[in-house]
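Asker: Residue numbers (the numbering used here), protein chains in the order written: chain A, 1 to 165; chain B, 1 to 101; chain C, 1 to 692.
In case anyone wonders, no lab produced these hints; they're calculated from the structure. Note that the coordinates shown come from a computational prediction; the quantities given were computed from them, not determined experimentally. Built from N, CA and C at the ideal position, the CB exists for glycine as well. You may find that some hints are simply not true.
[Unchecked claim] Quick look at which bits of chain A chain C covers, simulated, 3 or more residues with Cβ under 8 Å:
{"#": "1", "region": "35-48"}
{"#": "2", "region": "80-92"}
[Claimed, not checked] Which chain B residues face chain C? A few, computed with CB under 8 Å, are given here:
{"#": "3", "residue": "Ile22"}
{"#": "4", "residue": "Leu69"}
{"#": "5", "residue": "Glu73"}
{"#": "6", "residue": "Val76"}
{"#": "7", "residue": "Val84"}
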Amino acid sequence: MLLWLFCILTVASAALLVITRSILYGAYSLVICLLSLAALYVLLQAEFVGITQLMIYVGGIIILLLFAIMLTNKLKGETLITSHYNRIFAILLFGSAFLCTGWMAVNWHGGSFPDRAIPELMHATGVYLMSVYLFPMEVIAVLLLIVLIGALTIAGEKTGKEGRR
Amino acid sequence: MNEMQLLLGTGAFLFAAGLAVIVSKKNAVMVLMGIELMLNAANLNFIVFGRMHPEWHQGQFFALFVIVLAAAEAAVGLALILRVYRYFRTVELDKINQMKG
Amino acid sequence: MNEATIISPEFIEALLMLVLPLAAFLGLNILPQRMAAVSGKLVSLVFLIVFLLSVHLIWMRWGMDTIEYQLTWFYLSGTVHFAAGILLDMKTVIMLVVVSVISLLVSLFSISYMHNDQDERRYFANLGLFVFSMIGIVISNNLLQLFCFWELVGLSSYLLINHWYRTGNPPKAATKAFVVNRVGDAAFLIGIGIAWTMFDSLSLTDLYSGMESSHLEAGIWMAGDKEMPGIWLSVLGICLFLGAAGKSAQFPFQAWLPDAMAGPTPVSALIHAATMVAAGVFLLARVFPLLSLEAMTFIAVTGAITAFMGAVAAMTQNDIKKVLAFSTISQLGYMVMGMGVGAYDASLFHLFTHAFFKAGLFLAAGAVIHAMHDLLKGDHHRDPQDMRNMGGLRKQLPVIFICYVILSLALVGIPFFSGFLSKEAIMSGSFAWADARSGGGMSFYHLVPYTGMVTVALTAYYMGRQVYLVFLGQPATDRVAGKFSLQWLMTAPVVILSLLSIGLIWSFNPLSFQNSWFFTNLIVPVIQVPGYPAGLQPLIVELSENNHLLVFILSSAMIITGLGLAFLRYRNGIPEQNRAGNWFYNLSSGNWWMDNLYYDGVAGPVKYLAGRTYAMDRKVIDSLLNYLVVSGVLFSKMTGWFDRNIVDGLVHLVAAAGKTTGSIFRSVQGGNVQRYVAAAILLMIVLFWLIY
Numbered sequence: 001m002l003l004w005l006f007c008i009l010t011v012a013s014a015a016l017l018v019i020t021r022s023i024l025y026g027a028y029s030l031v032i033c034l035l036s037l038a039a040l041y042v043l044l045q046a047e048f049v050g051i052t053q054l055m056i057y058v059g060g061i062i063i064l065l066l067f068a069i070m071l072t073n074k075l076k077g078e079t080l081i082t083s084h085y086n087r088i089f090a091i092l093l094f095g096s097a098f099l100c101t102g103w104m105a106v107n108w109h110g111g112s113f114p115d116r117a118i119p120e121l122m123h124a125t126g127v128y129l130m131s132v133y134l135f136p137m138e139v140i141a142v143l144l145l146i147v148l149i150g151a152l153t154i155a156g157e158k159t160g161k162e163g164r165r
Numbered sequence: 001m002n003e004m005q006l007l008l009g010t011g012a013f014l015f016a017a018g019l020a021v022i023v024s025k026k027n028a029v030m031v032l033m034g035i036e037l038m039l040n041a042a043n044l045n046f047i048v049f050g051r052m053h054p055e056w057h058q059g060q061f062f063a064l065f066v067i068v069l070a071a072a073e074a075a076v077g078l079a080l081i082l083r084v085y086r087y088f089r090t091v092e093l094d095k096i097n098q099m100k101g
Numbered sequence: 001m002n003e004a005t006i007i008s009p010e011f012i013e014a015l016l017m018l019v020l021p022l023a024a025f026l027g028l029n030i031l032p033q034r035m036a037a038v039s040g041k042l043v044s045l046v047f048l049i050v051f052l053l054s055v056h057l058i059w060m061r062w063g064m065d066t067i068e069y070q071l072t073w074f075y076l077s078g079t080v081h082f083a084a085g086i087l088l089d090m091k092t093v094i095m096l097v098v099v100s101v102i103s104l105l106v107s108l109f110s111i112s113y114m115h116n117d118q119d120e121r122r123y124f125a126n127l128g129l130f131v132f133s134m135i136g137i138v139i140s141n142n143l144l145q146l147f148c149f150w151e152l153v154g155l156s157s158y159l160l161i162n163h164w165y166r167t168g169n170p171p172k173a174a175t176k177a178f179v180v181n182r183v184g185d186a187a188f189l190i191g192i193g194i195a196w197t198m199f200d201s202l203s204l205t206d207l208y209s210g211m212e213s214s215h216l217e218a219g220i221w222m223a224g225d226k227e228m229p230g231i232w233l234s235v236l237g238i239c240l241f242l243g244a245a246g247k248s249a250q251f252p253f254q255a256w257l258p259d260a261m262a263g264p265t266p267v268s269a270l271i272h273a274a275t276m277v278a279a280g281v282f283l284l285a286r287v288f289p290l291l292s293l294e295a296m297t298f299i300a301v302t303g304a305i306t307a308f309m310g311a312v313a314a315m316t317q318n319d320i321k322k323v324l325a326f327s328t329i330s331q332l333g334y335m336v337m338g339m340g341v342g343a344y345d346a347s348l349f350h351l352f353t354h355a356f357f358k359a360g361l362f363l364a365a366g367a368v369i370h371a372m373h374d375l376l377k378g379d380h381h382r383d384p385q386d387m388r389n390m391g392g393l394r395k396q397l398p399v400i401f402i403c404y405v406i407l408s409l410a411l412v413g414i415p416f417f418s419g420f421l422s423k424e425a426i427m428s429g430s431f432a433w434a435d436a437r438s439g440g441g442m443s444f445y446h447l448v449p450y451t452g453m454v455t456v457a458l459t460a461y462y463m464g465r466q467v468y469l470v471f472l473g474q475p476a477t478d479r480v481a482g483k484f485s486l487q488w489l490m491t492a493p494v495v496i497l498s499l500l501s502i503g504l505i506w507s508f509n510p511l512s513f514q515n516s517w518f519f520t521n522l523i524v525p526v527i528q529v530p531g532y533p534a535g536l537q538p539l540i541v542e543l544s545e546n547n548h549l550l551v552f553i554l555s556s557a558m559i560i561t562g563l564g565l566a567f568l569r570y571r572n573g574i575p576e577q578n579r580a581g582n583w584f585y586n587l588s589s590g591n592w593w594m595d596n597l598y599y600d601g602v603a604g605p606v607k608y609l610a611g612r613t614y615a616m617d618r619k620v621i622d623s624l625l626n627y628l629v630v631s632g633v634l635f636s637k638m639t640g641w642f643d644r645n646i647v648d649g650l651v652h653l654v655a656a657a658g659k660t661t662g663s664i665f666r667s668v669q670g671g672n673v674q675r676y677v678a679a680a681i682l683l684m685i686v687l688f689w690l691i692y
């Protein structure tokens, strides 16, 4: 039952993100979407991923997005509104992509979840992370460092032809 | 409809919604949100299929790495958006059409 | 007549005199508008150089033989060639001096007179064109070349009369002058044609010798192997004279000259008093040996009639310039009469003296008009040229007054002034001619000299009237009082021209024209036209040497009569104005109803004919054309429909296909990244569907 609830919450918030014209409403619906996804991960016995989702997405990326919204708009009290365009393209894409993937999802007959719950799965995940997946994790860490420096360089550079428009 | 179909359907919807957001929103930040949605759709599928064989863990780890990469992507993307904003004084993508041929 | 084979300095100088004014004309036309103020000085400088050249030329050619230089101008059908060249004889070099002196003085006067005129540059450029063409007439050695310059003179006269073309009057006057001159020029061209047919050459020296060797036999005129009925001999002379009559405003062409006064006054002085109108007389002098006895008589009679008519018309004019214009016509009549009676040298002498005093009178009149503009305080309702608005100007313009009196006395023919010498010469020549033709007794030939005598009295009358009205008496209307100061550039030319009108300049014995340097140096060509009595010319010369005293007494009496009448009539100021009922007044002020005659007799019928032909054109030819056009339009409509819908349709289809395809691709290529994404993913999905 909980699975259904969070699924519906996810879908509803994603739909709101598509429909809304307010940027802040979009950001909040994304937060709800990500939160309910985190709940779904927990329900699917991927607690570590769920927690990571909370920490990184809800705690980090959303903050970044909110800062970006504030930095890229001249806030003067009015609601932050953006408009839609390419509507026909969007509907076409949404329809075809949803039909395509949704049709495959409905026609999924490749098996289902095992009924039993696997004990100490999170413990095993930790062991795996420090043994089998150690190298990818280190690479990812270095990558993150590079990305941070790069992002700083890109965003903080003051030279160049700024304020062209 | 069983759980599997429900979750895969949710993922499909998230992916399609992300696509629609990317194509239809004018604001670059919203486009970034659409990308996050699509990444999450993929993540959901990894978790769901990983749940079918929980002892293998690959699904979870792939999802983890995707989350980290998504964070990196978001950081770079936002930096780029700020840069674009400083250059064009706007983040409305329909006005940024220097590639118009 | 020796023909120079190598070009000598004289010809180079003559060519330079010809080319410099043309260069001035061309140069002024490309001169920037902001430099227009210097155009008068430039042209005056050019005219000064031309004047110095002419003085040098007369110094070199003084008392020398005629020289000629010519080269082939163009060929017709291989063998027939026309020559172009320069003919320099005594009258040519004197005429060059006269033309250059007067044009120099007029251009100096114009600097002041045309100051602030918005088209100053065009004015001086056209002045240059005129002097170029006038010098061309003077130095031409053949009739064709002369005719070209003749037409150029007409053109520049037209341009200069039309200088103030924005107002109503000058364009009409210019057109009238041009059209009337065309009639004379047509006759001139016919004369040239006759000469060419007979002598196969248009060179003047060839014509002289050809005329000399031709002879009349039983009414047939023969020259070389050619022959013509004898009547053509006279027709040739009369046609050439009619050309001259058009330019010189002789009866019946004189109607254009008074109207030409609509141009600027310096132009009237240069063109319509001194040089261009005298070009007709100069042409007569050039073709003098070609004139037959009948043609000469015709010329003499025409000249006398013109002199009388012009003088009568001048008597009642109120416009200061109109009086001088009619006076010019009258004096030109004298010159033509002199040519006709064979007083070749007297006629040319009168041409030169008249050029000076009449140019001076016109320039003085210009100064008066200029002053009147200011003295009338810019009142546009009062005409500054109307003599009734003048009066009492002797105190306001003392220098001009003195000059005007001197010039008027010269025109009237008072002893000690230049006009006396030349007019006496013509009068004695005409009396001698009448005596010689009538063989001692009285005949109708005597009408010519007696008409001339009456005209002397009339001349004295109208000049006295003018001096009274303009300078003497009391100021007629309220004007600015006090002395009016003219610029020296306006006064100086008038003074110079008055000095040149004093008899001592022209003859050491101011009472006898035969002692003049002019007569001792000018060689009268011997008339050898077939049919001309061999002894007639010497007889006329002999008789004219003996009738001096008679002519002197007669003309003095006439002058005293005329001046006395003028004094009696105008000493109490201006007589009552309304004389519309007086038939003589109407005749005189209306110039013998010449204009009415031309308008009703020539212009009216021509206009009626034009109207009828126009109606004919419109009704018959136009309707025919209309049907043709309508059918043509119908046909073209049909082809047009086919073209538009079938041929063009195909082309448009191809084009539209290309356009649609292009616009589809163009929309994808719109620079919008999100569309790129959408298109790419859509395509991916389509591929996905195709694969599964």
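Asker: For every hint, state whether the structure bears it out.
Answerer: Okay, the hints, checked on the actual structure:
1. 35-48: Since 0 is below three, the answer is violated.
2. 80-92: holds (count 4)
3. Ile22: 6 Å, holds
4. Leu69: 19 Å, violated
5. Glu73: Not OK, violated: glutamate 73 of chain B not within 8 Å of chain C, min 16 Å.
6. Val76: Not OK, violated: valine 76 of chain B not within 8 Å of chain C, min 16 Å.
7. Val84: Because about 11 Å separates valine 84 of chain B from the closest Cβ in chain C, which is outside the 8 Å limit, the hint is violated.
Taken one by one, the earlier hints fail for this structure at numbers 1, 4, 5, 6, 7, listed in ascending order.
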